[in-house]
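Same order as they appear, the protein sequences are chains E and C. FYI, in my numbering the residues of the first sequence are 1 to 204. FYI, in my numbering the residues of the second sequence are 1 to 223.
Hints listed in this document are in silico derivations from the structure and should not be mistaken for laboratory results. Owing to the predicted nature of the structure, the values given are computational and were not obtained by experimental measurement. Cβ coordinates follow ideal geometry from the N, Cα and C atoms, glycine included. Among these hints, one or two may not hold up.
[As the list claims (entries may be wrong)] Partial pick of chain C residues on the chain E-facing surface, computed with a CB cut under 10 Å:
# : residue
1 : His-5
2 : Gly-21
3 : Leu-22
4 : Glu-25
5 : Leu-40
6 : Ile-59
7 : Thr-64
8 : Arg-66
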Amino acid sequence: MIDNSSPRSRDREAERQLILRARDGEPAALRALIDGHKDRLYAFIWRMVRHHHDAEEICQETFLKAFASLDSFSDQYRFSTWLFTIGYRVCLNSLRRKKALTGDVEFATLPIESNETPTATLESEDANRLKRSVWSAVERLSTPQRASVVLFYRHECSCHEIAEVLELPVATVKSHLHRGRARLRLLLEDAGISGEQLVRNFAG
Amino acid sequence: MHCDHARQLFDAYLDGELSAGLATELGAHRLNCEQCRHELALMEVAGHIIASDPDASAISDDFTERLLACVSPASTPWKRRVGFVLYVGVPLAAAAVVALAFLGGFDPKAQRVAGQKDIATTMMVPENGDDTPANRIGAPGTDESRRGKGAQTQRRQRIEENWEAMRQSGDSLQKNVELTILQLLELLNGAREDGTDSGGNSLSPVKPPTNPDPAKGDDLEDL
Chain E
1 MIDNSSPRSR
11 DREAERQLIL
21 RARDGEPAAL
31 RALIDGHKDR
41 LYAFIWRMVR
51 HHHDAEEICQ
61 ETFLKAFASL
71 DSFSDQYRFS
81 TWLFTIGYRV
91 CLNSLRRKKA
101 LTGDVEFATL
111 PIESNETPTA
121 TLESEDANRL
131 KRSVWSAVER
141 LSTPQRASVV
151 LFYRHECSCH
161 EIAEVLELPV
171 ATVKSHLHRG
181 RARLRLLLED
191 AGISGEQLVR
201 NFAG
Chain C
1 MHCDHARQLF
11 DAYLDGELSA
21 GLATELGAHR
31 LNCEQCRHEL
41 ALMEVAGHII
51 ASDPDASAIS
61 DDFTERLLAC
71 VSPASTPWKR
81 RVGFVLYVGV
91 PLAAAAVVAL
101 AFLGGFDPKA
111 QRVAGQKDIA
121 TTMMVPENGD
131 DTPANRIGAP
141 GTDESRRGKG
151 AQTQRRQRIE
161 ENWEAMRQSG
171 DSLQKNVELT
181 ILQLLELLNG
191 AREDGTDSGG
201 NSLSPVKPPT
211 NPDPAKGDDL
221 EDL
């Protein structure tokens, strides 16, 4: 039974009503769904494909697929989780196509887009180097490891939610997350960044 | 707590799934063990950067407008267009054809105003081919016409009442169209009952018009 008294259940009810209106093709409801989720979806997809144009195309395809199958959406799930599930699937297909055309996609060798630099200038060189190393290491993770790490840390998803998005068992998701962390540590150490150095430079 | 045991707890701790008791134990070990402190610090800082570093790229400002343009009716995907034609367009067209056939074939006033014969009228022409107004089934002035006119008026009224009731009940367009077609067919069939009884016996069974070429089928039966 739905408890309509808590803010969370009120949000779910508002989302359910929005989806019902969107099913009828109401433009305002479609716009609200897009505006409410596009930034988070794009942020996730961009971290997966590291290309602005590709990420936007995948987002567009994701929304179109979601709208085309709104009738099959079950309101026992959060709309964002369902959208991310479709987005991840579209993303995997895009990466597979790209891999088939060009071989392995090595994200770490892709040029860093110019709008990453402005934030860097506001911080110390050590902090910037640390950030670059961390993101470089993230991009070297396997696709499911990268998705698990990004969803867990950046989108604050639980392992159960990640399992729904990746359509994998929770145990498999935990394995990807833990192996991803272990690989990150190794890659950072290879890049000359150690915990000892961090504690010395940034502690206190 | 030894380092081996502590390292086994790192992931559960970073996942936020470690019990309060074990988290305290790990914290105490961390204070005393430099190696474990450094390893955990590295993973915590990496996690913090992944979580909070500003987005390096942003979605275009016009994304929503471009997407909405793709889902607007003007650019409806072909499957939806086909679905619309199949489930709405075809029943509507069928209803229109039946309605036109009925009005054109059985409304003498409309016949006079239009001053022309249509398909339905042609189908009602007797086999002798005489298409004069006086020889048409249900033509004005005949007994059949007078008997049929009352029944037709009642049926037409019933359709109009049902249609209004359906509109008020908020049923779907497709359902309304389907029901209307059924009722129009019933009306058309009733009109045939009234009209084909040229011997003056309105209770006699319906006799479909004879088709000289059986291979072509019976147009009225097809309806």
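### Query
What hint numbers does the structure not satisfy?
1, 2, 3 and 4
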